[in-house]
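Engineer: Given chain A's structure and the hints, the job is docking chain C with the ligands onto it.
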Amino acid sequence: MTYREAIRAGLREALRSDPRVFLMGEDVGRYGGAYACSRGLLEEFGPERVRDTPLSESTFVGAGIGAALGGMRPIVEVMTVNFSLLALDQVVNNAATLRHMSGGQFSIPLAVRMATGGGRQLAAQHSHSLEGWYAHIPGIKVLTPATVADAKGMLLAALQDPDPVFIFEHAMLYPMEGELDEDAGAADISQARVRRQGNDVTLITFGGSLPKTLEAAEQLASLEIEAEVVDARVLRPLDISTFLTSVAKTHRVVIVDEAWRTGSFAAEISAQIMEQGFDHLDAPVARICAAEVPMPYAKHLEEAALPQVGIIVKTVQGL
Amino acid sequence: MKAAVAVEDKIVRVLGEGGEVDASKDPRLSDRDLLTLYRAMLLNRMVDERMFRLQRQGRIAFYIGATGEEAAIIGAAFAMGEKDWVVPCYREFGAAYVRGFTLRDFFCQIFGNAQDLTKGRQMPVHIASSRLHVLSVSSPVGTQIPHAVGLAIAAKIRKAKEAALVFFGDGATSEGDFHVSMNFAGVFRAPCVFLCRNNQWAISVPRERQTAAPSIEIKAKAYGFEGVLVDGNDVLAIYATTKKAFEKARSGGGPTLIEAFTYRLGPHSTSDDPHAYRGEDEVELWKKKDPLIRFREYLEKRKLWHQDRETKLMQDLNEEILSTLKEVEQIPPPPPESIFEDVYAVMPWHLREQRDQLLRWLEERKKITESY
Ligand SMILES: Cc1ncc(C[n+]2csc(CCOP(=O)(O)OP(=O)(O)O)c2C)c(N)n1
Ligand SMILES: [Mg+2]
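Taken in order, these protein sequences are the chains called A and C.
Under the numbering used here, the first residue of the first sequence is numbered 1, with each subsequent residue one higher.
Under the numbering used here, the first residue of the second sequence is numbered 1, with each subsequent residue one higher.
Keep in mind that a hint or two might mislead.
Claimed, not checked - Listed below are several chain A residues computed to face chain C (Cβ distance under 8 Å; list not exhaustive):
#1 Asp52
#2 Asn82
#3 Leu86
These are calculated hints, taken from the structure and not from any lab test.
Since the model is a prediction, treat every value here as computed from it, not as a measurement.
Every residue, glycine too, gets a C-beta built ideally from N, C-alpha and C.
The shape of chain A in the complex, shown without the other chains (with noise of 0.2 Å):
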């Protein structure tokens, strides 16, 4: 089954088993979503329930808002994270803030999905990763699937939380095959996880840096170094104390991450790293991140861009 398959797997489930549940956004109902997630969902819940929406980031990710605080569970796609900068100001002013500043009268079940990452020739504004910035903003949880069995359970978990959580799919990731055991319900979103052991060295990283940062690892293991892969998976609240484990045993970290270098997760991560796990370390934490450009167009421009397996391997090397 593919990353794609999944979250239809888990769209449909989450439709049929609770009314509340409705998905709304643009081309997700009679063309199945920009990104073919939710094709056929229309045909079998109906337009009340699989929603055409008029083309305004705003206004779904808002109404969505509304809709939560109406006894609703919505499911918000919107196409790409460059757009729904359009809907920024309902999420940090509003669907983060209303649970709090209320004293905590009103609960906001809401989930929002979208596209994030580059590496499919579309430029600079469709390709940015920016859930590092809504890992910034307190009130909201944010998820980055890197697996078919996340794409999935992670969905279901959004919907059984009471607070509104951001779902961040790697375009890269939606063709990729996987497992998926049919009967797992809603996943972990409270850690992180260990992908692949090793001694020599930690690499955390999420979303669609997992597979380069797989790679990378068996590059390195015919290489003689055994590096541990952690996928992050959740980035806020974010569980440093797997990394910390890891980091207790291997001594040398480098951070895999899609965004630009300046204030990126990777960041965040190095510094929670640093203050607490300090002793451990045998060298400087390492990062791995996209050249600090908006994201060219031009094939070789855009891989020279974003973090490749090759530069991960040399920078492992190079500790």
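Structural biologist: Showing chain C with the ligands alone in chain A's frame:
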């Protein structure tokens, strides 16, 4: 069919569907101008066909076309002055073309090569030319509309007799930027012409899903200025209406919203398959209203055109397209380290550092590959 009735009631049309002209509304363009317009429209159509083919062959990654909407795009831009600004959506190559953006400029952009004005940084068809006063294409829908209002306000402050023309689609009218820009332009009487290409679809979402109003043009009323509904497949009607809107804007009369009622005959872009959401019968209906056919029939009636000239022009354009393509495909790509340029006017130290790091890595990788 409520919308259709409302449309027929007040639509501005110069050319009937068989190419017959309404003399009272005829903008009386010279023969030369008429032929220039036709040539540009045909070229745009032929470039679309060629580029879709190139994308299928894997020679370009993406393309987004104007097929069916050439009259609305080219007719409007043709009515502007040299100093006026075009703020494009993403189907407006034709508008730039009639302002002097060449086919070669366009192909260099599509290939993202070293001579592309956008230096390989923008998606194909996301053109820009400061020299020609064509603003950079902005992908997030509707975000370009406020820029046009700002350009118009700037012209007004400078007391220049200039105006801005902004293109956007029917889908964009659901975004906040559309409404607040219209409001702003109304309040400041900005010399701004809003041109909505109502091509009936926003990817898979039909016009009815964007607004419950019978038309888009009607929205101008709420912002305190005039809206005009125009047959977007009638190049002379578009030209005449835009010309009038510009004259009004330049003489202090404020903004105008033009709704060009047209149709996207092709897919949204090369990433789209319209069969998933619309019927062939609808497309067939609109094919009969093709803006190129209607204009050609008019030109034939005026004895300016006939089949032989059509055949010859198509041959010439085809040759021009192919020879330009051939030349452009030889141009090398921009160097990888060029991505660090133009982030700022002057490259700061941290980008110089990242650039040098990239160069060292590329050098090393070359050595690794050579040693194999
Ligand atoms: C803010 C934003 N949301 C979504 C998209 C994805 N998108 C690209 S074009 C488009 C449809 C726009 O339709 P319309 O405004 O009618 O213009 P048309 O393509 O029909 O010319 C959508 C939804 C985007 N580019 N920007
Ligand atoms: Mg449209």
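Engineer: Would you mind marking each hint as holding or not holding in the structure?
Structural biologist: So, going through the hints one by one against the coordinates:
no.	hint	verdict
1	Asp52	5 Å, holds
2	Asn82	6 Å, holds
3	Leu86	7 Å, holds
Of the numbered hints listed earlier, not one is contradicted by the structure.
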